[in-house]
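K.L.:
Chains A and B are the protein sequences, given in the same order. This note's numbering applies: residue 13 is where the first sequence begins, and numbers increase by one. This note's numbering applies: residue 13 is where the second sequence begins, and numbers increase by one.
Worth flagging that the hints you see were computed from the coordinates, not collected in a lab. Do not take every clue at face value.
Unchecked claim - List of simulated lysine-lysine pairs, DSS-like, C-alpha gap at most 25 Å:
no., chain 1, residue 1, chain 2, residue 2
1, A, K88, A, K156
2, A, K15, B, K159
3, A, K156, B, K15
4, B, K36, A, K144
5, B, K144, A, K29
6, B, K34, A, K15
7, A, K29, B, K159
8, A, K88, B, K159
9, B, K159, A, K111
10, A, K34, B, K59
11, B, K34, A, K34
12, B, K15, A, K34
What follows is each chain in one-letter form.
There are 2 protein chains.
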Amino acid sequence: MTKVHSEVLAANETYAKTFGDKAKLPMPPGRRFAILTCMDARLDPAKFAGLSEGDAHVIRNAGGRDAIRSLVISHKLLGTNEWFVIHHSDCGIDWLTIKDQAASVTADVARIRAHKLVPAGVPIYGYIYDVKSGRLIEVPAATKAGKV
Amino acid sequence: MTKVHSEVLAANETYAKTFGDKAKLPMPPGRRFAILTCMDARLDPAKFAGLSEGDAHVIRNAGGRDAIRSLVISHKLLGTNEWFVIHHSDCGIDWLTIKDQAASVTADVARIRAHKLVPAGVPIYGYIYDVKSGRLIEVPAATKAGKV
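Extracted from the complex, chain A is given alone in its bound form:
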């Protein structure tokens, strides 16, 4: 077993020992929202957005893009009714300036909003996460494009 493999299992053992009431959490997200963001190792959505286990769906891939299937399941099957689309600065996938990134978030949100499987009742907010400060910076044009 590699060092990483055994470290992950040891950390999990510690986590499980104090699992407690989390065993009773229901499947649907308690705070009824979803976050779509990048897989980047520097981002911890639970920490930067204040999530406890059970609160919200978190969807992540390279770049934080193209996740219509997951978002639609999140809403239709499990009741989320607000979505955050969050790209980030210094992204290894995009290599864009912040200005370009804002345009990229806006385009992604507009594409999600326009998709035929995306329900009309869900507002979509566009943000950039700044890896140098931990701050979420709103992209107003994206949030506007994601309005119901």
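Model the placement of chain B on the given structure of chain A, informed by the hints.
P.N.:
Just chain B now, kept in the frame of chain A:
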């Protein structure tokens, strides 16, 4: 602004205030591994696997499936060289028994291993996360199927 929207921004403000040295984290994951798992709200991979910001890529979608693009980028561009594929009990996407789930993890890991873009040097481990205990349960057949 909705309640959730303002709560997320307030939580982020608190997080950013104590961001500190995380501003210096490099882009490549420090512990050089990736986790592919479900978007389910009850799962917090950073907590259940002991990750700090900067440690590992985390890829999540409905069911924790089909993420070859992200995994390949994770390895080729950003140097991860071990991958965990983690499904979970009581999954809203699959509705399978644990026995079926083990078969599903094994099939997914075998499919990733066999993909022409997946490099030979990366071991892939298969696990089921038990939402009632917080424990990672190994699927030995999957880990075997993901061997280098």
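K.L.:
Please go over all the hints and tell whether each is borne out by the structure.
P.N.:
Hint check results:
1. A/K88 with A/K156: 23 Å, holds
2. A/K15 with B/K159: 16 Å, holds
3. A/K156 with B/K15: Given that 25 Å is the threshold and the Cα spacing comes to 18 Å, the pair holds.
4. B/K36 with A/K144: Measuring from Cα to Cα gives roughly 7 Å; hence the hint holds.
5. B/K144 with A/K29: Within the cut-off at roughly 12 Å; holds.
6. B/K34 with A/K15: This hinted pair holds, its Cα atoms lying about 24 Å apart.
7. A/K29 with B/K159: Violated: A/K29 and B/K159 sit about 30 Å apart, past 25 Å.
8. A/K88 with B/K159: 37 Å, violated
9. B/K159 with A/K111: Between B/K159 and A/K111 the Cα gap is close to 43 Å, so the pair fails against 25 Å, i.e. violated.
10. A/K34 with B/K59: Satisfied, since the Cα-Cα distance of roughly 13 Å is no more than 25 Å.
11. B/K34 with A/K34: 29 Å, violated
12. B/K15 with A/K34: This hinted pair holds, its Cα atoms lying about 24 Å apart.
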